[in-house]
Every structure is written in structure tokens, then in C-alpha cells.
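Student: Here are the chains, one letter per residue:
Number of protein chains: 2
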Amino acid sequence: MERRSLIKVALGREPADAIVAGGQVVSVHTNEILRADVAIVGSRIAAVGDLPKASCGPQTRIIDAAGLFISPGLIDGHLHYHHTYLDPAEASKLLLRHGITGTADGFYGEAIVGGAEAVRALKQATDKLKIRLIFLAPTSAYLQNRMFGLTPAKAVSIEELHEMLDWEGCYGLDETPFSSVIDKDGGMLGLFEATLAKGKIVTGHVRGADPQQVQAFVAMGGTVDHESVSVADVLARARAGMKVLMRFGSGVPDLPNLISAYTEVGISPRQLALCTDVLLPEAVFEGGVDIAVRKTIAAGIDPVNAIAMGSLNVAEAFRADHDMGSITPGRFADMALLEELGTFKVRKVIFGGEEVVDRGRILFDNKRPSYPAFMTDTVRLARTFRAEDFKVPTNRGDGPVRVRVIGVSKTDLVTSELFETLSVVDGVIQPDPAKDVAMTAMIDRLGKGSGMSVAFIKGFQLKAGAIASTHNAVCENLAIAGTNGADMAFAAGELRRMGGGQIVVRDGKVLAEFRMPILGLFSDQSYEEVLERRREIQAAAESLGCTLNDPLLKLEFSYACAEFPLLRMSEEGLFRTDTKQHLSVVA
Amino acid sequence: MERRSLIKVALGREPADAIVAGGQVVSVHTNEILRADVAIVGSRIAAVGDLPKASCGPQTRIIDAAGLFISPGLIDGHLHYHHTYLDPAEASKLLLRHGITGTADGFYGEAIVGGAEAVRALKQATDKLKIRLIFLAPTSAYLQNRMFGLTPAKAVSIEELHEMLDWEGCYGLDETPFSSVIDKDGGMLGLFEATLAKGKIVTGHVRGADPQQVQAFVAMGGTVDHESVSVADVLARARAGMKVLMRFGSGVPDLPNLISAYTEVGISPRQLALCTDVLLPEAVFEGGVDIAVRKTIAAGIDPVNAIAMGSLNVAEAFRADHDMGSITPGRFADMALLEELGTFKVRKVIFGGEEVVDRGRILFDNKRPSYPAFMTDTVRLARTFRAEDFKVPTNRGDGPVRVRVIGVSKTDLVTSELFETLSVVDGVIQPDPAKDVAMTAMIDRLGKGSGMSVAFIKGFQLKAGAIASTHNAVCENLAIAGTNGADMAFAAGELRRMGGGQIVVRDGKVLAEFRMPILGLFSDQSYEEVLERRREIQAAAESLGCTLNDPLLKLEFSYACAEFPLLRMSEEGLFRTDTKQHLSVVA
Chain A
1 MERRSLIKVA LGREPADAIV AGGQVVSVHT NEILRADVAI VGSRIAAVGD LPKASCGPQT
61 RIIDAAGLFI SPGLIDGHLH YHHTYLDPAE ASKLLLRHGI TGTADGFYGE AIVGGAEAVR
121 ALKQATDKLK IRLIFLAPTS AYLQNRMFGL TPAKAVSIEE LHEMLDWEGC YGLDETPFSS
181 VIDKDGGMLG LFEATLAKGK IVTGHVRGAD PQQVQAFVAM GGTVDHESVS VADVLARARA
241 GMKVLMRFGS GVPDLPNLIS AYTEVGISPR QLALCTDVLL PEAVFEGGVD IAVRKTIAAG
301 IDPVNAIAMG SLNVAEAFRA DHDMGSITPG RFADMALLEE LGTFKVRKVI FGGEEVVDRG
361 RILFDNKRPS YPAFMTDTVR LARTFRAEDF KVPTNRGDGP VRVRVIGVSK TDLVTSELFE
421 TLSVVDGVIQ PDPAKDVAMT AMIDRLGKGS GMSVAFIKGF QLKAGAIAST HNAVCENLAI
481 AGTNGADMAF AAGELRRMGG GQIVVRDGKV LAEFRMPILG LFSDQSYEEV LERRREIQAA
541 AESLGCTLND PLLKLEFSYA CAEFPLLRMS EEGLFRTDTK QHLSVVA
Chain B
1 MERRSLIKVA LGREPADAIV AGGQVVSVHT NEILRADVAI VGSRIAAVGD LPKASCGPQT
61 RIIDAAGLFI SPGLIDGHLH YHHTYLDPAE ASKLLLRHGI TGTADGFYGE AIVGGAEAVR
121 ALKQATDKLK IRLIFLAPTS AYLQNRMFGL TPAKAVSIEE LHEMLDWEGC YGLDETPFSS
181 VIDKDGGMLG LFEATLAKGK IVTGHVRGAD PQQVQAFVAM GGTVDHESVS VADVLARARA
241 GMKVLMRFGS GVPDLPNLIS AYTEVGISPR QLALCTDVLL PEAVFEGGVD IAVRKTIAAG
301 IDPVNAIAMG SLNVAEAFRA DHDMGSITPG RFADMALLEE LGTFKVRKVI FGGEEVVDRG
361 RILFDNKRPS YPAFMTDTVR LARTFRAEDF KVPTNRGDGP VRVRVIGVSK TDLVTSELFE
421 TLSVVDGVIQ PDPAKDVAMT AMIDRLGKGS GMSVAFIKGF QLKAGAIAST HNAVCENLAI
481 AGTNGADMAF AAGELRRMGG GQIVVRDGKV LAEFRMPILG LFSDQSYEEV LERRREIQAA
541 AESLGCTLND PLLKLEFSYA CAEFPLLRMS EEGLFRTDTK QHLSVVA
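Protein chains in written order, with the working numbering: chain A, 1 to 587; chain B, 1 to 587.
Among the clues, some could well be false.
Copies of one chain are not kept apart here, so a pair can be met inside one copy or by any two copies together.
No more than 30 angstroms apart at the CA atoms, straight line, and that leaves these computed lysine-lysine pairs for DSS-like [as the list claims (entries may be wrong)]:
#, residue 1, residue 2
1, Lys198, Lys8
2, Lys8, Lys184
3, Lys8, Lys448
4, Lys128, Lys198
5, Lys53, Lys580
6, Lys295, Lys8
7, Lys509, Lys448
8, Lys580, Lys8
9, Lys53, Lys184
10, Lys410, Lys509
11, Lys295, Lys435
12, Lys391, Lys410
13, Lys184, Lys391
If you're looking for bench data, these hints aren't it; they were derived computationally from the structure.
Predicted model, so just to flag it, every value in this text is computed and none were measured.
Bound conformation, chain A alone (with noise of 0.2 angstroms):
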């Protein structure tokens, strides 16, 4: 048993696998810095100290760490790996880099399209990988549409849930909107009774809750949350009992407007963790949650409270902190060696007591596993589409109409209800490109039967062809922006041909075209080859006018995601995220 190996260790009765010799440990339950050794067998801590000089054998491996900091690897707090559009295997490799050897993760996407076998796959593939999971059971899943009204997908059942929190290694329940609790039950008040029955967490998605919103959901049992835009949200939050992760990701720039809850208000850090939510696949190469310890830190909080938001208190938001968070006995032995506390500067990573990451260089080779046969060919249309299927008519006659549009923003991926005057031919609605306005639709692509939709937006600046993905937040349909049907349609049957993905079409041909085969989230490529699909699928956008950066990303968070403000779109018509109000495309 590995237990009684780390206690011989520890007492200097056995050798170690490994010492990490000559550093200085970031102690984060303390909130020191102290000149130590850490002693390794297998993958866990044995001591850290000064070793007895019998826990250095022969056989011992030691890893120089003189003159290099010894910070727990980063654990990220809430983190889509779908969302990086990469493979875990291969986000990993680009997360471990930075000496990020954790996230969090509920795959709530993956169980939309597949259900709770793919998120079993998924899990099981991530667990052998080097990078530790704190796996949530994906409440988003089962609420998702069916809190705005509209159709679910078959995604995960209520009982699916319950059984996914006896899965080893589950710590508690995925960030569940509160609002989906407030007015509804659905099973939800007796998943969070069973979760907390067993010790285990409930994490929030808490977008847009005022102080009493905040409140109730707290009193119905979540502990954390990761929505935080203001200092006031950080402060109800916190107040309120909460673990507070501050995020910083892409699209969800949110820290610099949160530290201040601690540098000026000046709250206790315990409640204060970090997270980046979504990390595009240029972003995951840049740094992942690193990057929000960095910000911490010239923001003004000092290194080691800075590191602990990013490791221990993640951990212990999670009640995961006897395994992981800290350079302490029995913890896995991951961690990040670092030349310099202030920036954050990684040498050296550890995992499982092995070096896997030195100067950059990744010293292991993650071979992306191969997933069951039912996660790939999954963009399951009803039909095949053409192009008069994309007319939005109305029997107003054909002077011009008032319509509700889609207002999408340049600087985030919030959205806003805007309301534009078209003309109307022979009973159908036009789009404007002059007007930037262009025409959008969402199709049942997982076998619902709730079919299709169309309806306008404003903000791709698109002159001509459509731009297409089956990557969408908490919908994970066919979602298609165009200025014509017909290469609306053309974009739709192409992403069925490739399995689901991203595509940029004109005139009937692709441009580009970006596949997706898992589950139609995520490719089964290597990152650089990703890196080069984006290039692609960017410049073929702009060929066609539009000049947002990642329009398709824009595209993803016009649809049905969680709260997120405001006018959405679903293959059931446009709604609004906070009344839940169903409106139509006429005003």
C-alpha cells in the first residue's frame, strides 16, 4: 500500500523515489516561504522538510531545485475542456506547461450531445492523463433548455446525476443556475439534499443574481461560484458563505474588477480562488489559470496568497484538499517549480511525482485516447436543408417590419436585444448587410425533434456566405449565421458531412473549415494543427467581411447559454435569458 511506503519515508526508514532538493517550498497553508526538501514515493508527498538522511537511497531520483520556488501545481477552478476545442490530452499538455496540474471539470457539454456515457468516456480518458480532475456531476446538462422551456436533449437524467456523484472522484455537482432552482425543482432540491448528505459540493452558476437571488441560493446549499463581474458580487457572495472563484478566461476577463474585494474592501482571501471558465485553444497556449495568479499578484496581493487562491483554495472549495493544493505529506506530488514567485515563471513541472515539463519542453507523450464509437458522427439532422428553409415570413404584407435582432458585442460574449426595420419581399423578411444585419439560424442537431429556426443578427458584419459550428455553450446544436439561405443550407450539410465542427462557406464552396469529430466539441488533432484551423477559419471570415475577432466564438454565445444575457436564439425561436420570455422575430 502506497500509504505505508510515504510513513516509512517520512521516518527515515525507507529510501524515497525522489527528492526535490534545495528549494524553497510556497507554503500555502501558512502562507510562508520556507527553505525545504520534498521527499516522493510513487505519486504522492512522503515529507517535507528537512528529510531524514535515510530518505535519500541509492536509487533516489533528486530533482535540483536549488534556487527555484516549490509551488503547488495550479488547480483550475472551473474550466470547460471542450471549450479549449482541444482533446484533454492534448489541453493538458498546454496546461501543464504553465504548472497548471488540475481543473475542474463537469464535461457538461459533452453530456448534452452524448450523454452520461460520453461523459463516463470522457472522465475515464482524463483521469489517465497527467493532469488531476476534480470531476462535477454536469447539473447544466440536465437543466439546459429545459429551464428556458424549451426541448432538452436526452443529455443526462436526474437519476444519471444522483449515480454520478458515488463515481469516484466526483466532489459534487457542476455550476448549476441558480435561477433553474429558484422557480422550478425538477429533482434539483433533492440532488443538492443528496449531494450534501454526502459531503459533497455544490457549485453555482450565479450570473446576474442579486444579493437575495444570492441568498437563496445559498440557503439551498451552494457553497461556489464562479460568476462574479463586480466587486458587489464578490462581496454578496463571500458574505454569504461562499467560495468566490474569480475568473479570467477568455471572453470572461472578470478579475481586475473583482481583486479589489480583497485589496481595498479587504475580506479574508480564504474565500477567494481562481478559475478561467473558457480558454480558447491560442488562450490554453498562452497559460490557463497562471495567468489569473500573474494578475493577482500585480494587483497587489502578495505571492504566496496569490498561488493559494490559485491551489489550496480551489482545493478546499472543493474538498479536495487532502489530495491535492498544497506541498505537503500525502498530497499527489504535483507541483511547479518556478525561478521567479512574483511572475510566476515556470522551470519545472511535477506530476505524480514525475518531471514532465522542463523549460517549456513537454517530457511525456500523451497519446490522445480513442474515443467509443458513439461519440463521433453525432451531427444527427432530420433532414437535408435547402435554401428556401431559411425564410423568416410574415404575413404583414410587404412594407417594411420592426424586428427584434440579435445585438452581438465586439468586447464580450454577452449579447443584447436590438430591433431593426427590414423590408419585406413577396412575404419574406430580408436580411440588411448593410445594416449589418444577417440572418441566423439553430437546428435540432441531436435528435429532438424540435427542428429549426431563423432569426436575426447584428455585429458579424458578413457581406456574403454564412459562417457555421456545432459548438454552442449549453445547446450544442447546428448554429448558422448567413446573409443567404443558400449558403446557410450548404454550411449545415457540410458540417454533417464532417462530423460537426466549424465551417466557413461562399457560393456553395467552403472556405474553410475547422472539424470537430468529438461529438462535434472538440478535434482529435494536435494543438498546432488546431491553432492552424483557426487561422483558417478566421481569415475566411474576414474574406467575408467580418471583422470581429473569433466570430465563430460570438456566434456560439448568441445561442441558449445559461443566464448569460440577454436575447437568445434556440431551434424554438429567440428568447430572453432573464425573463425566460419567448418572443418573436416581428416586435
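Take the given structure of chain A and dock chain B to it, following the hints.
Tutor: Below, chain B without anything else, positioned relative to chain A:
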């Protein structure tokens, strides 16, 4: 469902059952004092802050907190009910008066005498009281004696400890002596693994461990300990990731020697919490862990942090913080309303939403429970003992002999290994009252068949008679100290008649008796009665010449207590707790 009502009150859709109005909340999560009202539904808090108007209806009770601070009820991180000699129903009333609304206990003594069924009965009875129980499976009841190579009581089996982990309200394992796991297994590592796999807590009894031994215990999975007696102990544990329960109890006033780990060394307070361990009846009348909070404030710690150490930090150490430890939604409505923060001066106490104490007055009647019959009449002696059973023979002739003597301390509960030269008459070593050397005996009273043993003890200053008890830590046998065999035999017989307790005898007469009919461990009387019996016992012991304060407590701790230094007694003879060596009386 209660949580559904909490939500409705938090959102102002229904009125609260009660509102604590006009006070200032001690926010232990953020280290702030906040002006806030507290809405209560049933036994839990629904909302804290500026409440929605509608949360106050015509039926809502208003609990006036104007001018008061609203502190979370304190939680004692380690308290043995049976060491109060009181039924938990009595002890909890006294604790409540001081704002203590929760305690952690594993009922190890009750388990040693009565097995798992007694633990279940105690837990069920305590769960009905107006105090929150953090139940921990009593490993020391299983390990007791075993770790010293002595005959164990039937007590609890390792299988029963596994079962207890699944009892509702079990948060993990109670104080496990580190040495018994370091050197042996006996299934303990498997039990630890099972505990960790359930997300529960392994607490330690890491008394006297050097830093390497601390590392070893943490490597096993231990994360909480209450046996620090120096700043170095605190630092070794906190840096290893343990939560340190700083103790201030009867005979164990360690806190003042520990707190400079924070006030001078400056480690993060998150690792520090408070407990009492042992509270004699007089002590529990004066207060419990509230005294530790006061001492902590007196040492220079700000009151909010000190209160956190006695509430939230304890709850977090046991992963009970979703249910208790702070004034936040969803938690039990357990709180102390304070007139002064710096002195923790309690005006009112609320437990489970109900006012239970007002200005020291207890507002309810906890009926003392009736326990199953097997929990009384538990003094099972193998036979009737006579004067000649208490002889210590020697075969070295009738010259004086050098004997090993247990040295009782005036100031604390440790013992020393002393040597004295005693005379021998007819092959029997004689006690020597002039040298303050009395006889001491331990007799199996648990039906183990392990017999009895006699040795010598110094420090009681007995001139005549005997004192005896069935209450002795981690042993719970029949312990006697006396100047002559006749009185010692008489005391044993009287304790059997009484069904256990404490007694002082002289010349075949009972001078004072304190009955403890429940398992021979605690009284079935009111605390007023118990205090009176204690005074009688003390006076009677003084009449025998004894000048010690609480000689029966000193007697109790001269026996086989887990790792407590040093020379100790058992029914199988003398031994040292450090080396676990068994030693002869004749040196």
C-alpha cells in the same frame, strides 16, 4: 421541504418564522462586522442582510438584537462528554449558556465500556439535544490497550468503525494515536483510506510527535490534531497542512503556549481552531471553548478572527461548514448574541432557530434520556477482592528494594517514572506514607479476564484509606490508590455495588461517593448534584491527607492513556507510553 421554504423567505415570497433584528453580524468568512438582520425558517438561516420586506409577516417572531453582536454559536473542536461526568443533556445546557452550540465527540470511553451499541445510543440521545454533534468514529476505543500490547476491551471492532463512517452525521475518525499506525496496522490504514474516499476527516492524537512523526501521520491522511503543547508543535502541524485545534481545558491549558504561532510567527489563521478536550463539571459550569476564544483575544488576536477559530475554522476542519460555523444562509440557526465582542459576553443564545438562553437563564428543559439497560451495571469484577489481593511481593528477601513509582504531577496530567527505596515485610513491599508512596491497583472491570495488578504511586499524600474510580481515560477499568489493601478491596467492592463512579473510603467506611451509573462513566443526576458530590469527594480526600486539587482526576490519568507521558498503570502491570515497554515494579 425545509430548503424550499428558505428560498421563498430569502426572496421575500414568504415570511420568516423568526428574524434576529437590529444586530451586527460577525462575518467569519470575510473577517468583517456587518450590520444585518437574520431571517430564520425552521431550524436554519434563510437570509442575512437587508431582508426583503415581505420576509417579516404577522406571525414572524422578532428577536431583538439591537446593540448586540450576532456571533455564530461556538463549536468545541474536541470535547469528551464523559469527562464532564455529566450526561450530555446536562453538559450541553451548561455549554449553551456560554454560546457553545456544537461539539465534536466520538464517545470513545463509552465505546470501551459499552461497544458500538453504547455509541449509537449516546449519539442518538445527543442528536436530540439542543447542541450540534460532530460525531467521529472512536478509533481510540479500538486501539486502546492494543497499542501498548495490553488486553483490549471488547469495545468496537474495525468493522464497526467502518460502519460508523456511514452513520448520518459522522464526519470521520476521532483522535487516532499516531504511533499505533506508524508501527502496526491492524487495519487502520485501510480505515483511513476508506475515510478519505468518503471525503471524511482523519483526526489525530499526535501527542509528543517529532516533526518527522507529524509528517508520517499527515502522510497517512490525518488533517486535524489537538495535541500541540508548544509553538513548534503548532508550526510542524500547520505547515504540514493540518488544522491545529488549540486546546484550553481542564488539566490541559495549552493555548497560551501556542497562540504566538499566529501573533509572533505570523502564520495564516486559517489553520488554527479551538477546543477544550477535557472539561470537568466545575469547568463546564464556568465555560468551555468560549474561554479559549477569550484567551485568544487577550493574546492580541482580533475578536472576529478569534471567533472564527472557535466556529468556522472548526466546522471547516471537519467539513461541516455547509451546516454550521457561520451566520449564513442554509446553515443551522445556531448563534450567540453578544453584549461585547472583545469579552464574548453572551446575552442570548439561539439554537436551531429557538431562543434557548437569555442572560444565563436556560429557557428549556432537556430531559435526561433513559439509556438501554446494558449501559448500567457495567462494573463486572471477576471476583470479590480482599486485602491480600493488594500485596506486591518480592523474592529478593526482606531488605529494602528499589521500586519503580508512578509520579503524579501537581500541575498537569502527565506522570513521571520515579524510583524509591521501600521496605519489605514478609516478602511484601510496603507503601510508605512518610515518603508519600501509596499503593495503586488496576482491576479489570470489563469482563476481559485480564485480572489485576498492583504497583506504587507518589503524589497523593494519602495518610490513610483509599480513593478509587471506574473512570479512567482510554482504559475505563477500576483504578485505586490507597495506603492499605483492606480499604482498597473495600473501595473496589463499593464501586461494584454503586455500578461505578468515584469513591473515598477509610477503615472500611465510605467517606464520600459519586455514583456514575451510566457505563461507570457519568452521572444520571443534575449538574448541581454532581458539583455537590465532587465537593464531597474532594473534602473526603483531603481528610485522608491529600492536598492535590482533584485527586480523582490525577488517579484517572495515571492509567493507560493514549501516548500521554509517561509511566502508566494497567491491570497487566506498569509500562511506559513512549517506548511501550512493560516494566516490573522492582527496578
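Student: Now tell me if each hint is right for this structure.
Tutor: Hints and how they fare:
{"no.": "1", "hint": "Lys198 / Lys8", "verdict": "between (32 angstroms within a copy, 25 angstroms between copies)"}
{"no.": "2", "hint": "Lys8 / Lys184", "verdict": "between (54 angstroms within a copy, 12 angstroms between copies)"}
{"no.": "3", "hint": "Lys8 / Lys448", "verdict": "neither (58 angstroms within a copy, 34 angstroms between copies)"}
{"no.": "4", "hint": "Lys128 / Lys198", "verdict": "both (25 angstroms within a copy, 21 angstroms between copies)"}
{"no.": "5", "hint": "Lys53 / Lys580", "verdict": "between (66 angstroms within a copy, 26 angstroms between copies)"}
{"no.": "6", "hint": "Lys295 / Lys8", "verdict": "neither (41 angstroms within a copy, 39 angstroms between copies)"}
{"no.": "7", "hint": "Lys509 / Lys448", "verdict": "within (29 angstroms within a copy, 89 angstroms between copies)"}
{"no.": "8", "hint": "Lys580 / Lys8", "verdict": "between (60 angstroms within a copy, 20 angstroms between copies)"}
{"no.": "9", "hint": "Lys53 / Lys184", "verdict": "between (62 angstroms within a copy, 23 angstroms between copies)"}
{"no.": "10", "hint": "Lys410 / Lys509", "verdict": "within (27 angstroms within a copy, 94 angstroms between copies)"}
{"no.": "11", "hint": "Lys295 / Lys435", "verdict": "neither (39 angstroms within a copy, 72 angstroms between copies)"}
{"no.": "12", "hint": "Lys391 / Lys410", "verdict": "within (27 angstroms within a copy, 94 angstroms between copies)"}
{"no.": "13", "hint": "Lys184 / Lys391", "verdict": "neither (35 angstroms within a copy, 77 angstroms between copies)"}
Checked against the numbered hints above, the structure breaks hints 3, 6, 11 and 13 and satisfies the rest.
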